[in-house]
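Enquirer: These are the residues of each chain, in order.
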Amino acid sequence: MTPTSPSTGTASRPRMLRLGPVAAWPWQPRTLLVNLCVLAVLLVGLLRALLAFDDYPMGLGEVLATLVGRGEPGPEFVVFQLRLPRALTGMLVGAALGMAGAIMQGLTRNPLASPDVLGITWGAAVGAVAVIVTAGSAGGVSGLAADLGLPVGALLGGLGAAAVVFALSWRTGLASDRLLLVGVATSLVCANLVYWAMTWTDLQDAARAQTWLSGSLHAADWTRLAPTALALGLLVPAALFVARPLAALGLGEDTARGLGVRVTGARLALLGYAALLVCVATSAAGPIAFVALAAPQIALRLARRAQPPLVGSALVGAALTVVADQLAAGLFAPTQLPVGVFTAILGAPYLMYLVVRRHRQQSG
Amino acid sequence: MIETTSPERGHPPGLADRAAIRRRRLNAGLAILVLALALATALSIAVGARSIPAEEVLRALVAPDGGESSTIVRELRIPRTLLGLVVGLALGAAGLLMQSHTRNPIAEPSLLGVTYGAACAIVLSIFLFGVSGFTEQVWFALAGALLAGVGVFALASGGGRTPSPVTLILSGAAMTALLSGVTSAVVLLDHQSLEVFRFWRIGSLSGRPAEVTLQVLPFLATGLVLALANAPGLNALALGEEVATALGQRVWLTHAVGVLAIALLTGASVAAAGPIGFLGLMAPHLARWITGPDHRWALPYAALSGAVLLLLADVAGRILPASGEIEVGIVLAVLGGPFLIALVRRQRLHTP
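Protein chains in written order, with the numbering used here: chain A, 1 to 364; chain B, 1001 to 1352.
In short, the hints are calculated from the structure, not lab data.
In this text the structure is predicted, and so the values were computed from the model without any measurement.
Among the clues, some could well be false.
[To be verified] A few chain B residues facing chain A, derived, Cβ under 7 Å:
1. PRO1105
2. ALA1177
3. ILE1202
4. LEU1217
5. ALA1342
6. VAL1344
Every residue gets a Cβ at the ideal spot worked out from N, C-alpha and C, and that includes glycine.
Could you build all of it, start to finish, from the sequences and the hints given here?
Expert: Quick look at the structure:
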């Protein structure tokens, strides 16, 4: 027996977090530490979002006083009606996208398997652009119906596309490669229908569609946040139960079956769950690029795990979206760019760095 | 043949016989594909939004009289068909290489960062230098595409080490996202760039001057030669990196040659025709459905079927709508999508 130094040992034995006799989840000190760090980044980002976002600067004391209900009417309006819903929407949407990406990538064992690839994002785009084209400058709909028409259209489009993809790739089970290919094909069909529709509407509608397609938090308010928060508030904690077979499924179907997992049922439940998460997120803020792909990959490299961790991916996704939205709003001050532009500009270099560093460690 | 020769040799129809039959079939298939390509080319020259009788088309080809029909055929349809031919060949081959090098069935050549490298270069060239001509833009697009491709490979190989499929695809996806973010930012800040980008984004074969095809031809030819040279190495690589190394393959070199070929083929296509996304995804699956996993066969099949599909889609986009035409990228995706789904459902997948 040669003694192994603690630093070179791969991973310490997972400790278990038990909830009575009902359930137990493994956890590791490193994962916890990483999650706390990301959470800290997220909280700083949220605070920064409340402090300075638009051309109405506020001090820390003023914001805190407003938050506990002792503020002036002006700052109160800015904080509660403008900044808070936007920051919360960003956080929730980012968390949902990160978690959905982690489920998809873990399940299919394919780092490219983000929800865009399932057809959901572009299905939602078809729904949203259909609403913009039919109800937009034609002026058929107004008021609450117009406000809610866009998210509802996106939700229906996304769910419809997911249903089509699942139905078309079903053949005594949902094999990963078939599912992904059918999803990519469906996405491309939907994307090109949207591009095409955008060439025959008028310029104003095309511009609205383009803004929605870039994924933005400009329009966030309480009316839109409430259903999103309700849905995601129920869905995100439920992941801890739904996703329990994920670790076994990530080892391959045969191994998972050997470990006693009902593979087909578990896969269907997980995929449907991920699809719901993405549909809600996309209907709230449009298709925010790259979060669902990058967050799980960043989280698994930070936590040094073989599979994307769920909680870590959700936290990274939320932090990435909240910080990116501030850059998008503040960097070219009068012009507010959509958040989707900066999730990529911010997340991509970091993911590249992690890929290179990890690769060096493995081969060095 | 088999029944008479095999008993003499004293063993049942063996591997060698079956391989010979397979080779004959695949050769016949290749001949059929070449024939189909010739037909598609003829169709693309003969059919268009404006109907010109066949004899006039022939006369325009053999003895041009300078009339309107003759001008349409020689100035518009022939350059367009040639461009479609080379771009189709290139994207089909690049798609197969991309899926094989990353061992990912949903990878397409633009995932190497090449397409958005070209897009970013074009948008920046307008934003910073005010470049407007088509033929100048081609050089910027080519440079951007090659830089992005080489950058992704350098990143994935992390200073001379062999890149794994996962690092290759993640670096490519990250680079694509980064460049698309920069492109969107520029386009949203500068409306003049948006005006050009809006139309460039939908891949099309129409409106390109004939010089564009000549500009990109050397790059495409080099890329195709490299791709053919890459095919045997890919067969070894499909067994896994360790096995390939044990078989005497220089894995790093195989990847480097493949990535250079993908960058050349895709970069030149994107520079000339804009991003035509669906072809590089579909042609390799169609090819492997016929040939199985042997890359020496799958590569020419993918290239030829890519060219056939692109030309047919372009013709369909010209004659289907009542007025005007639909860009080939849209036609390919909308008609090709259901076809790919049907293919995937019918068949046990030959994944790379």
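Enquirer: Each hint should be assessed against the structure and marked as holding or not.
Expert: Verification of the hints:
Contact between PRO1105 of chain B and chain A, as hinted, is supported at the beta carbon level, the nearest pair being about 5 Å apart and thus within 7 Å. Checking ALA1177 of chain B against chain A: minimum C-beta separation of about 4 Å stays under 7 Å; hint holds. Evaluation of the ILE1202 of chain B hint against chain A yields a held restraint, the C-beta minimum of about 6 Å falling below 7 Å. Annotation: LEU1217 of chain B was flagged as interfacial toward chain A, and the flag is violated, the nearest CB pair being 28 Å apart, outside 7 Å.
Below 7 Å, beta-carbon pairs count as interface contacts, and ALA1342 of chain B has none with chain A, the closest being about 9 Å; its hint is therefore violated. With 7 Å as the threshold, the beta carbon of VAL1344 of chain B comes within range of chain A, its nearest partner Cβ sitting at about 5 Å, so the hint holds.
Hint compliance for this structure: hints 4 and 5 are not met, and every other hint is.
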